[in-house]
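S.K.: Which chain is which? The protein sequence lines are H and F, in order. Residue 29 in the working numbering sits at position 29 of the first sequence, and the numbers go up by one each step. Residue 91 in the working numbering sits at position 91 of the second sequence, and the numbers go up by one each step.
Just so you know, these hints were derived from the structure itself, not from any lab. Glycine is no exception: its CB is placed at the ideal position from the N, C-alpha and C atoms. Treat each hint with caution, since some may be false.
[Stated by the list, open to error] No farther apart than 30 Å at their CA atoms in a straight line, the calculated lysine-lysine pairs in the BS3-like style are these:
(1) Lys-106(F) x Lys-11(H)
(2) Lys-106(F) x Lys-49(F)
(3) Lys-106(F) x Lys-57(H)
(4) Lys-95(F) x Lys-61(F)
(5) Lys-106(F) x Lys-15(H)
(6) Lys-15(H) x Lys-57(H)
(7) Lys-61(F) x Lys-106(F)
(8) Lys-95(F) x Lys-106(F)
(9) Lys-49(F) x Lys-95(F)
(10) Lys-57(H) x Lys-11(H)
(11) Lys-49(F) x Lys-68(F)
(12) Lys-106(F) x Lys-68(F)
(13) Lys-57(H) x Lys-95(F)
(14) Lys-49(F) x Lys-57(H)
(15) Lys-49(F) x Lys-61(F)
(16) Lys-57(H) x Lys-17(H)
(17) Lys-95(F) x Lys-68(F)
(18) Lys-17(H) x Lys-106(F)
[Said to hold, decoys possible] Derived DEER-like restraints, expressed as beta-carbon distance ranges:
(19) Val-97(H) x Lys-68(F): 26 to 34 Å
(20) Arg-81(H) x Trp-83(F): 39 to 47 Å
(21) Arg-109(F) x Ser-9(H): 19 to 27 Å
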Amino acid sequence: GAGVSQSPSNKVTEKGKDVELRCDPISGHTALYWYRQSLGQGLEFLIYFQGNSAPDKSGLPSDRFSAERTGGSVSTLTIQRTQQEDSAVYLCASSPVGAMNTEAFFGQGTRLTVV
Amino acid sequence: AQSVTQPDIHITVSEGASLELRCNYSYGATPYLFWYVQSPGQGLQLLLKYFSGDTLVQGIKGFEAEFKRSQSSFNLRKPSVHWSDAAEYFCAVGKLSGNTPLVFGKGTRLSVIA
Chain H
1 GAGVSQSPSN
11 KVTEKGKDVE
21 LRCDPISGHT
31 ALYWYRQSLG
41 QGLEFLIYFQ
51 GNSAPDKSGL
61 PSDRFSAERT
71 GGSVSTLTIQ
81 RTQQEDSAVY
91 LCASSPVGAM
101 NTEAFFGQGT
111 RLTVV
Chain F
1 AQSVTQPDIH
11 ITVSEGASLE
21 LRCNYSYGAT
31 PYLFWYVQSP
41 GQGLQLLLKY
51 FSGDTLVQGI
61 KGFEAEFKRS
71 QSSFNLRKPS
81 VHWSDAAEYF
91 CAVGKLSGNT
101 PLVFGKGTRL
111 SVIA
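Bound conformation, chain F alone (with noise of 0.2 Å):
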């Protein structure tokens, strides 16, 4: 079956600071891979998306992450963050074949200090 973990339940960067979120997954294959955010009393959006092709992708809100299939990970990173980066960021992996709901990781939440 598929999981997704993320080890890290809080972080806390300074604004201006880089970050990088771990994400981990396990399944069989080749997986779709997502990462969303949520933003306090907002639903969550969509961040980037990797599907096959190039393995670092390019996100909104200047955020990146790179595919190792070799260490079944999915890292977010962004250079330099902002206080309104503050939220909760989810990791999700869906199955090639489709019709299936995502799985995902339960979370990190970013905390953003001056």
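Chain H with its partners taken away, still in its complex shape (with noise of 0.2 Å):
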């Protein structure tokens, strides 16, 4: 597709039920991110890939949340036992090089929430 595709858009799900958010980021694009926006928060780096570079994970906030990117291309981000707190928009950006410092192109999220 032209854009950063996520799935689904929206998520509702039982507190302590696990759920897996998917990106699709552009084709050919090496760098993926994902950030999570909470209402007033802003937005929070969660976990950044780069090629075949192991991942940054410096912003999982814990060890409920990873994420996986199969073959350079789809990311998966896995949020197990969800709590409540979770309920946020998640956000997936892809860039063609190596760093949000030329542009990031950024998929309309999937808001989640945790009931």
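Two independent chains are provided; combine them into the complex using the hints.
M.R.: If you want it as structure tokens, here you go:
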């Protein structure tokens, strides 16, 4: 597709359940980022993938959060044993080179609601 | 560590009026600076960016921003606001060395009234 695609667009889950969020970056983009956007909190960096390098996981808030990127393309963010404080919009971005200092292209996000 | 402060959580302006959104950053060297806009239900779109050179940068949709090193600021301006400009605006800072994620401010929500 022409842009970064995220699915699902909305997800409602029960507390304690696991969820998977998917991101399809723009074809050929080597860098992929996950951010979390909570109300009034701006964008919080979660994890960064660049090519075949080990991902930068420094932003993951707890060990319940993990992410993988298969074949250098599609990425999945997994949240285990979801908690109400995980409710947020999860945004994925990709960029053509290894830095957001060029331009990063964002998907429309997945709105996660934990009830 | 890098940080970005957007002092105004919410601003309301009249259509046709001028606009200035404030952004202050903290970073030890010359930063890369960005403004993104997020319209309701949409992803973030890059408005403009500053890397080096002319401190007044022009962006899309008639926006401009000025980098002032002495004030650690990168304020966004538009001379005449349109109703379609109502959105959330985010300032972000990046490192010269790259390979790092951008650090975003908490955003300023812009409302436009007739």
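S.K.: Please flag the earlier hints that this structure goes against, numbers listed from lowest up.
M.R.: Failing hints: none at all.
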